[in-house]
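Q: If you want the building blocks of each chain, they are given just below.
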Amino acid sequence: MPASTAFPAVRLALSEDPAAPPTIAPWIGGFVALGARIRRYAAVNDQRQLIVAVTVPRRDFVAALVGSGWATVSEKIRHQTAATDVLEIARNIDPGTPVRLVVGNTVVSDIFERLSEEATPPRVCLSESQWQIPAIRAIAVLTSLAKPARASKPLPGGLGRLAHLEETWDARIAAPAADLAIVGTLKWLKADLAALLSNPDEHAAGQPRVPGTIADILLPDEPGAATWSTRLYSSARFAEVSSLPGDLRAVVLDGAPAVKYLNEIETPVVVCVIDRSVADETAAEIVVQLRNTRGEALSVRDDLGWSTPDGVEALTFTVPL
Amino acid sequence: MNRIDALDQRYRASESLVHHGVEIVAVGDPAGARLNQAIRDVFYVAQDDLHDGPWGNVVGAAKSLRWRRMTHPQPVMLNSAVTEMAELVAKYASLLHGAVEDVAVLDELVAAAMAAAETDSPLGSLLLSSVEEVGTNECVVVAASKRAQVALTNWLGELGILVLTAGELERLQPPVDQSYLIGPPRFFRSSVVTAPVTSEISFLIPAWFGDRTVPRSAMARYAEGALEIKTRVFVVGNTSEPGSAIAPSGSGIEDDFLPEPVWGRSQAPSRSPKSDEVLAHRVLLSGGWSMCLEDDGERIRALDPDQPPGERIIYVGVSTVRPGTYLVLRQGEGERSALYREAYARLGADASAVEATQNAWKQKLQECLFWIGQQEVVRELRARGVTTAANQARAWTDPYLVRPTSDADFAALLKWLEIPAEPTAVHANRLRRAVHQAAAAVRERLEAEVSAADLSQLELTGSLSLGVATGGFRSILATRVLAISPHPEIVARHETRVLVVDRSAQWLE
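Chains as they are written, first to last, in the working numbering: chain A, 1 to 321; chain B, 1 to 509.
In short, the hints are calculated from the structure, not lab data. These numbers were taken from a predicted model, which means no experiment stands behind them. Treat the hints with caution; some may be incorrect.
To be verified - Here are the in silico distance ranges between beta carbons for each label pair:
hint	chain 1	residue 1	chain 2	residue 2	range
1	B	Glu228	A	Ala82	51 to 61 Å
2	A	Ser144	B	Ala349	46 to 56 Å
3	B	Asn137	A	Asp302	30 to 40 Å
4	A	Ser243	B	Glu158	51 to 61 Å
5	B	Ala268	A	Thr143	24 to 34 Å
6	A	Ala297	B	Glu228	18 to 28 Å
7	A	Pro21	B	Ser129	38 to 48 Å
8	A	Glu167	B	Arg341	54 to 64 Å
9	B	Gln366	A	Glu16	48 to 58 Å
10	A	Ala9	B	Glu228	16 to 26 Å
11	B	Asp5	A	Lys190	16 to 26 Å
Unchecked claim - Cβ-to-Cβ under 8 Å is the rule here; a few derived chain A residues that face chain B:
hint	residue
12	Pro57
13	Ser243
14	Asp247
Cβ atoms here follow ideal geometry from the backbone N, Cα and C, with glycine treated the same way.
All chains should be modelled from the sequences, with the hints used to inform the complete structure.
A: Have a look at this one:
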């Protein structure tokens, strides 16, 4: 993709305390934009594995922001908020199938037991609850379900509104793409995901709105989550992961302990986040060695259409899959 | 300052350093220059015997003294590190008298060492005046090692001047704009300039030290947006240097200025390893230990003290072990045999069937290696789509390496060996899972130990005993890699990863 089609810089702000003014900095929107650019590139260039490495002064938030950018660009999601659509889908679900429902401000994952059309209005009966069809805003069949769960519905927040995700939000929450994983230090990642992302232009326009957390966009796969999109792996335990799920399309390796697994990752896209504040340079050496032995160089600017923010180095190349 | 603002400041400090560069103050140091020249003369006359033979200890002690002259600039009366090392130079030199011809060179080395130990370093007074000019609360002094930090704190701490190691600077992030680093840029981790904590950085070096290059990040050469840090060099004081009648300038003496271990005479082995042998590098470890680490093995357990509790025990590839890595090793017998015993126990009644299929494919691969040789095996496997992992072929015969990591590689290997994929692949996967479970159980115990331990001891002493004694595991030690031998050796596979007592690291800090 030529640079001339590059999008304007994305302005975003980050905060950990809803009461304090958020920090506006070019790297915040920059990393979200990188995630989006990578996904657009990968959608049309999937013959070889794409590897993108960035070095940053510290790793904080980078993997979460890049992942958020990736998640905002998803495959076309079918509108599915009409009750007639929901009824039609429910008629074709076999009893015992795991499903996910979005009802009002609630997300429910459970086992589908039956559709009760004799009731008025008709109802979907799950193992632990029942729901009237007109109230169901989206329904999706799942391939598996560890155990039933119910949670309040995440909201699109500042980034979701910026990326125009509101219109298809319910369908997205019912069936998010489960195609991204982040490998890193879980304790740090979870702290990053709890941060609030806001659009400073909304404030400037005098329309302060609920910012939303990074987790609302990334939807981490956590115990008890009613819906999820992004798998999180601990780099300390990653040696014990025998193989990654086949539906993954991108893995973000966050920090040196994770990047050291680069040569074993076979997903179409790998993003390496290298923390320059860490004395250990082997992560960067592994990336450079892979580029020099098997890689075909690309340009972050010309091929991905992304400009590095100040203080950020970036490198991208492809290798045979 | 909150975490996000502090982070944003790091991006700005990086940007500021790219625009303004770092300052290098080169301070005239005639006594240090004389010592340096004397060492280079020894290098010149002893060229082939530097790392071994009679010169080994003299050179080791002299290099260590020179390192301390650069990194311990406090006045002589507070500088026992320098005096002790100068006395060691004299002691080892006296043992050499009569054993070597070049007595004059030796005598000059001893005289230069003694002079260096008796003269205050001009770096010290310059540091003091610089800090006072900026304000003792407005800057931080960064030492090149923990030992130097302790010594500098004894001197500067009373004046209220903060002295840290580079690692402590990173962790504590003091709210100051200026740091003074004592020693040449290459003696520090590159992160001090590529991920700066302060927006202004000065290195204080002796003028006789010629290498003033500032490290770049390991990716900078290929990266877009690469950080290029310029330098501004200021030369002060008496920079006269002694000439040398012995070592002509530009004589190509290899001298990396860092203290180094005594490896003994070593060179690459002239034969190939036999079936139960392996190429390995000797790894020197804190606490007076070493071990041999095979070149082709599976990951090895390590400890990352910078990670939060619960995620500190990690695994690293053997090729990524570096000086500074903390390896976590079982004392006594190597750990893998115990891990596999536990894994087979977890398989219960199926253990013997799994063991049989594992033995069968490993045996067949072993035979191929024997009959057609490793190079040919690797070539055959590459032709069948086993890519970068093919040169692991010999390692796969190791009973303590379950299977190739990649499913596709394993399938291709079994097909080439003409072994049906099932049940061999299923068995290997079950064994792998059992080994992972056994390793995870050990890791959980170690994580608990590490969470309770005082990790500051690790930085100070380089090693830490983890009293894990349950489940057949004897005491486990976390120990810092000090150096890795430049040449591989051939060792029996069962001798790898076993701790042995080794004092070769005595000249390192």
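Q: Next, verify each hint and record whether it holds.
A: Status of the hints after comparison with the structure:
1. B:Glu228 - A:Ala82: 51 to 61 Å: With Cβ atoms ~58 Å apart, the hint holds.
2. A:Ser144 - B:Ala349: 46 to 56 Å: violated (29 Å)
3. B:Asn137 - A:Asp302: 30 to 40 Å: For Asn137 (chain B) and Asp302 (chain A) the Cβ distance comes to about 48 Å; the hint is violated.
4. A:Ser243 - B:Glu158: 51 to 61 Å: holds (59 Å)
5. B:Ala268 - A:Thr143: 24 to 34 Å: violated (53 Å)
6. A:Ala297 - B:Glu228: 18 to 28 Å: Holds, since Ala297 (chain A) and Glu228 (chain B) (Cβ atoms, about 19 Å apart) stay within the stated range.
7. A:Pro21 - B:Ser129: 38 to 48 Å: holds (42 Å)
8. A:Glu167 - B:Arg341: 54 to 64 Å: Once the Cβ atoms are compared, 59 Å apart, the range 54 to 64 Å for Arg341 (chain B) and Glu167 (chain A) holds.
9. B:Gln366 - A:Glu16: 48 to 58 Å: holds (57 Å)
10. A:Ala9 - B:Glu228: 16 to 26 Å: holds (23 Å)
11. B:Asp5 - A:Lys190: 16 to 26 Å: Given a distance of about 21 Å, which is inside 16 to 26 Å, the answer is holds.
12. Pro57: With a closest approach of 4 Å, the Pro57 (chain A) hint holds.
13. Ser243: OK, holds: Ser243 (chain A) within 8 Å of chain B, min 7 Å.
14. Asp247: The hint is violated - Asp247 (chain A) has no Cβ within 8 Å of chain B, the shortest such distance being about 16 Å.
In summary, the numbered hints that this structure violates are 2, 3, 5, 14.
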